[in-house]
Every structure is written in structure tokens, then in C-alpha cells.
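With the sequences and hints as input, model every part of the structure.
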Amino acid sequence: GFGRAFSIVGATNEHAIGALKIQRCNIVSNGYILKTDGSSVINGFVFRDNDCGENGYDVGGGIDACVAGGVFEGNVMESCRNTIRLYGASRGNVIKGNYFEDPRGQAAVLLSDSTEFDIGPNYYFSIASDYKVYLAYCRGGACRDPWMGPMNYFVAPCNGLVSANAANKVPA
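Note that this note's numbering has the sequence shown beginning at 407, numbered continuously upward.
Just so you know, the hints here were simulated from the structure itself, not pulled from any lab data. Built from N, CA and C at the ideal position, the CB exists for glycine as well. Be a bit skeptical, because a hint or two may be false.
Unchecked claim - With a cut-off of at most 20 Å between alpha-carbon atoms, the simulated EDC-like pairs for lysine to aspartate or glutamate come out as follows:
no.: 1; residue 1: Lys427; residue 2: Asp455
no.: 2; residue 1: Lys427; residue 2: Asp457
no.: 3; residue 1: Lys502; residue 2: Glu479
no.: 4; residue 1: Lys427; residue 2: Glu479
no.: 5; residue 1: Lys427; residue 2: Asp443
no.: 6; residue 1: Lys502; residue 2: Asp457
no.: 7; residue 1: Lys502; residue 2: Glu484
no.: 8; residue 1: Lys502; residue 2: Asp455
no.: 9; residue 1: Lys502; residue 2: Asp524
no.: 10; residue 1: Lys502; residue 2: Glu522
Unchecked claim - Simulated restraints on C-beta separations:
no.: 11; residue 1: Asp464; residue 2: Gly546; range: 15 to 23 Å
no.: 12; residue 1: Val465; residue 2: Ala548; range: 27 to 35 Å
no.: 13; residue 1: Phe531; residue 2: Cys431; range: 30 to 38 Å
no.: 14; residue 1: Ala534; residue 2: Gly480; range: 17 to 25 Å
So this is what it looks like as C-alpha cells:
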């Protein structure tokens, strides 16, 4: 495999790229499935019906990006570290209908500083990560899968989010 199957680095002077679609691909044994440089944003990202295995198994990760208006749907994601990690004011993302097997690292799905998201339902099997879904400082979204994380920006009633529950924590 490669260090990164897909990489977005300083895409333009505006540090954004639009309408990226990755569909019906086999992405196996890479350091990352997709990684942005931390200052680039992907607008209108579609990641659908892909078969991904052992990306970032020991180090690295799956998808590690700032995304606006992304759809992550119908994927088979096996043995990836932090399989889908969206950060940096990611907004309007949908993550549903995916199959996560043997996710590693902190969680199969990690969102930080995200708004207007819709997660689940997804299917999780043989969990090796600490959590199924980890949300940090997110607001204005919905999560149908069990999740955990700090919610510093929430005020009751948590903008439609279900409350955190212990079903998300993987037993020791």
C-alpha cells in the first residue's frame, strides 16, 4: 500500500477542494485512506460503497479530514485505526449504513468541533477501539449510534442528540 491512498495538501490558495467522489473502490493496506494537511477543507465529499481493509492498522488511520457536506454511506471498513475522523469545524456530514469490523484506536467514528451531522445507524462488529462513536465539542447534530465524549458546547436538550450511554464503551 501507500502512505496515503488519497491526500489533500494545500489544495488551492483558499485551501479547499470541492466535489470529491470516491465510490466503489477497494482501498487496502495504506497508512491512511484519505488525509488532509490540517488546513485544507473538502466540500461536497462523497465516500460511498467502498471496500476498505487494514488501512492504518498499527499507525495512521482511515479518513482523517476536515469535510463540509460529506456523505459516508454503504462502506465496508475493516481493521482501520480511527476509521472516520472529521475535525476542524466539519459540518453537514452524514455517516450511515456503514459496516465497521475490528476498528482500532480511539473510535470507529470521531468528530470534533462539528455541527449539523447525522450519524447512524451503522453496524459494528468485533470492536477493538475504545468507542464506537466519539464526539468532542459537537453541536446541532443527531447520532443514532451509541456515543461518548465531552460536550462543552451543549445546552439542554442537547440539540436533538441522544444522551451518552455506557453501551458505547467497549468492555475491558
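So which hints don't hold here, by number, going up?
Result: hints 11, 13 break, sorted rising.
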